[in-house]
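Add chains B and C to chain A, keeping to what the hints say.
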Amino acid sequence: MTHETVHAPAASREGVRLYPVTVKKVIWETDDTFTLQIDLGALGDTFSFLPGQFNMLYVFGLGEAAISISSDASESGTLAHTIHRVGTVTSGLAQVKRGDVIGLRGPFGTGWPITAARGKDVCIVAGGIGLAPLRPVMYAMLQERTAFERIILLYGARSPLDILYRVELEEWAKEHNVEVLVTVDRGDSSWKGYIGVVTTLFSYIKLDARATVGYLCGPETMMKYTIDEMGRRGLAEDQIYLSMERNMKCAVGFCGHCQYGPEFICKDGPVFALPRIRHLLDRKEL
Amino acid sequence: MHTENLTEILRQHPFLAGLSETHMQVLIGCASNVRFAEGAPLIHEGEIANKFYLVRAGRIALETDVNARGKIRIQTVGPGDVLGWSWLISPYRWHFNALAVADVRAVALDGECLRKKCEDDRDFGYEMLSRFSQVMERRLEATRIQLLDLYTTDPGARV
Amino acid sequence: MVILESTELNQLLEGLTSRGYLLIGPTVRSGAIVYDEIHSAEDLPRGVGDDQLPARYSLRHRGDAMFFGYGVGPVSWKKYLYPPRLTMFRATRAGKGFTIAPGETEPRPRAAFIGVRPCELNGIFIQDKVFTGGPYVDGAYKKARDNAFIVAVNCTESGANCFCASMGTGPGATKGFDVSLTEVLQGERHYFTAEAGSPRGEEVLGALSARDATEQEEKAGLDAVARAGSSQVKRMDVCDLPQLLSDNFENARWDDVAKRCLACTNCTMVCPTCFCSTVEDATDLTGVHAERSRRWDSCFTMDFTKVAGGNIRPSTRARYRQWLTHKLSNWMGQFGTLGCVGCGRCITWCPSGIDLTAEVDAIRGNGVHA
Chain A
0 MTHETVHAPA
10 ASREGVRLYP
20 VTVKKVIWET
30 DDTFTLQIDL
40 GALGDTFSFL
50 PGQFNMLYVF
60 GLGEAAISIS
70 SDASESGTLA
80 HTIHRVGTVT
90 SGLAQVKRGD
100 VIGLRGPFGT
110 GWPITAARGK
120 DVCIVAGGIG
130 LAPLRPVMYA
140 MLQERTAFER
150 IILLYGARSP
160 LDILYRVELE
170 EWAKEHNVEV
180 LVTVDRGDSS
190 WKGYIGVVTT
200 LFSYIKLDAR
210 ATVGYLCGPE
220 TMMKYTIDEM
230 GRRGLAEDQI
240 YLSMERNMKC
250 AVGFCGHCQY
260 GPEFICKDGP
270 VFALPRIRHL
280 LDRKEL
Chain B
0 MHTENLTEIL
10 RQHPFLAGLS
20 ETHMQVLIGC
30 ASNVRFAEGA
40 PLIHEGEIAN
50 KFYLVRAGRI
60 ALETDVNARG
70 KIRIQTVGPG
80 DVLGWSWLIS
90 PYRWHFNALA
100 VADVRAVALD
110 GECLRKKCED
120 DRDFGYEMLS
130 RFSQVMERRL
140 EATRIQLLDL
150 YTTDPGARV
Chain C
0 MVILESTELN
10 QLLEGLTSRG
20 YLLIGPTVRS
30 GAIVYDEIHS
40 AEDLPRGVGD
50 DQLPARYSLR
60 HRGDAMFFGY
70 GVGPVSWKKY
80 LYPPRLTMFR
90 ATRAGKGFTI
100 APGETEPRPR
110 AAFIGVRPCE
120 LNGIFIQDKV
130 FTGGPYVDGA
140 YKKARDNAFI
150 VAVNCTESGA
160 NCFCASMGTG
170 PGATKGFDVS
180 LTEVLQGERH
190 YFTAEAGSPR
200 GEEVLGALSA
210 RDATEQEEKA
220 GLDAVARAGS
230 SQVKRMDVCD
240 LPQLLSDNFE
250 NARWDDVAKR
260 CLACTNCTMV
270 CPTCFCSTVE
280 DATDLTGVHA
290 ERSRRWDSCF
300 TMDFTKVAGG
310 NIRPSTRARY
320 RQWLTHKLSN
330 WMGQFGTLGC
340 VGCGRCITWC
350 PSGIDLTAEV
360 DAIRGNGVHA
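Residue numbers (numbering that gives the first Met the number 0), protein chains in the order written: chain A, 0 to 285; chain B, 0 to 158; chain C, 0 to 369.
No false leads were mixed into what you were given.
Partial list, derived from the structure: chain B residues whose beta carbon lies under 10 Å from chain A:
no., residue
1, Pro13
2, Arg58
3, Leu61
4, Arg68
5, Arg72
6, Ile73
7, Thr75
8, Val76
9, Gly77
10, Pro78
11, Asp80
12, Arg137
13, Thr142
14, Gln145
15, Leu147
What the hints contain is simulated information worked out from the structure, not anything from laboratory work. Glycine is no exception: its CB is placed at the ideal position from the N, C-alpha and C atoms.
In isolation and in its complexed conformation, chain A is listed as follows (with noise of 0.2 Å):
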């Protein structure tokens, strides 16, 4: 199916057009991923994107990172990235201040197909950091719990302090009918939650296999790992979306460097059918 997807607003078609924007709030999620919001200010006038669509954010001087856009779609004026500080500029952005100003570009990319889901069960598989591009679709499914049937949310994280959200996770299991599995690679004795691997997870669950539709982010293994379960229980591979990741530097499909085969990530992406790039994942060395 084609993707949604809207691009950056018309001002800046080039994409290379910068807006400074100002930081409402810094909210430590674990002891190295952080969550910036975001006040659009006058951009917020312009500013819509889809779930699964990502930004460049732009340190002063430090240059751009590509951050998936992890907040509420249907919230016009504000935004949120939560972001893993790993390298030189997400830890200039780790350093950001409420009230400073950061520089923005977006949004890029493809969003998970919602409308594929609807009248369905929606498995909701995330690994690590991969659950703060699907959280903009787990807000906007929310919105109309109705129009979807059961929400599956499994969420692997690498142990109990890296769990991301945890009380958005519990209002989400509690208060809007999603089934939320969260699983770790290990615990102290104080978790009490399922600890494996997040494809583990699946034989807690019985999926219909004919009327379920999977969006799946995190590491390429993982996701790999957990498209093979999917199949072993039936799902068929056009009912299942992920979202790839690639070194991003222009965002608008000339740079070169997001390509993953003949696809450029930036803009034939993040989100994917399956059918699309299967042949694809087992390359190695893409």
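What follows is chains B and C alone, placed relative to chain A:
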């Protein structure tokens, strides 16, 4: 518990799917319903392994003590899973601790009794071994993926 | 079709300078043909010829007075349409925030490209698709492109590394130029057959009041171009090429070429269609002024596919495969054409003399066919 109820419970458990009626009768003879409250231990590392469990509800964590790091929980099993195969493999001793982390309902099978039945009836023995092999294979695959530490946040991690 | 005698070529160039165009054309520099600023036909390398083989390039004296008696050098027109370095914006701190100003403050002059070979013209068409054919448009490229007046020169001789005929990109240009020239040197006669390919080309050529070509003159030009085509020794077998490379991701030939490839990036630098770039952000010492610039990059560098957690293509094998598969396979899906124009530069400038036509033949020979 009535034997018929136990039979129904065993028939519905995924681990025994497709088991012949004859073999089912062998198992029932060694089965009993058990419950463990949250926090209760099931297995102690080093002890003789004479049981295995078909989990019906709840969650059990495998735990071990790592010097200076304290107690680390490395795996859980839940409804539909089977816990414990050391009863089948010499020296028949547990290698981990296991405790209930949520109220557990399970069927306990007498390992020593079943081991003898496996030796007496090779068909039954093969049936048990092949089912456990599949569980071990899945568990091993999952453990290997766990080993990859895919969510590591160490940017310099090379291996 | 009209005739310009060899002595009249400069009138064409003067016509362009009088219309405000900066002339860019072939010159000799450091032993190679390099496109640079010229002022008249006198600056053209008359009587210069070149010899190109895998990993070999040298200039020689032809012993005649041909203006365009050589092939393409290491510099392609992409240098002028898609500069190696471009300042994208300048940022200045202002309070808690910053202001952004365009990077290029001086307008680039309109350029007339003198001597664009048909393969190069096709390279420009390909980059047109990359930079202006998608949902986003590179404004700087489009501006330079729209302003560029193209004087194409059809090839009447082929180099040993040329394979434009098999790629369908030469040795004659059929469209997309403003003016095209074919140089004919026969005995005493030395002239150009010239035709316009656009309204502004018609205007410039028309102002020269050149006489119409005779049938013989026209034929002499066309024959020379045809001979250039039929004399080419290298050819790329393009039959099902995208599918061939897509099906042979693990072909043993990649291991073989990996032993020879140095990942030096020469091929990507000289290729007229390669477009990968990177961005660099820098501040001055005060930290008040910042600048982002775009510069050419190459998929052969170690850094090219860095992601958090490592490098996707650490081996030379993977990187060479990426380059060739992109150019001859993925490109089709991305832009609707192959990415190669058969100019042979990558063969000439590869220190190991790797010949991509031979690599394709080898994969065809031993590979998986759907």
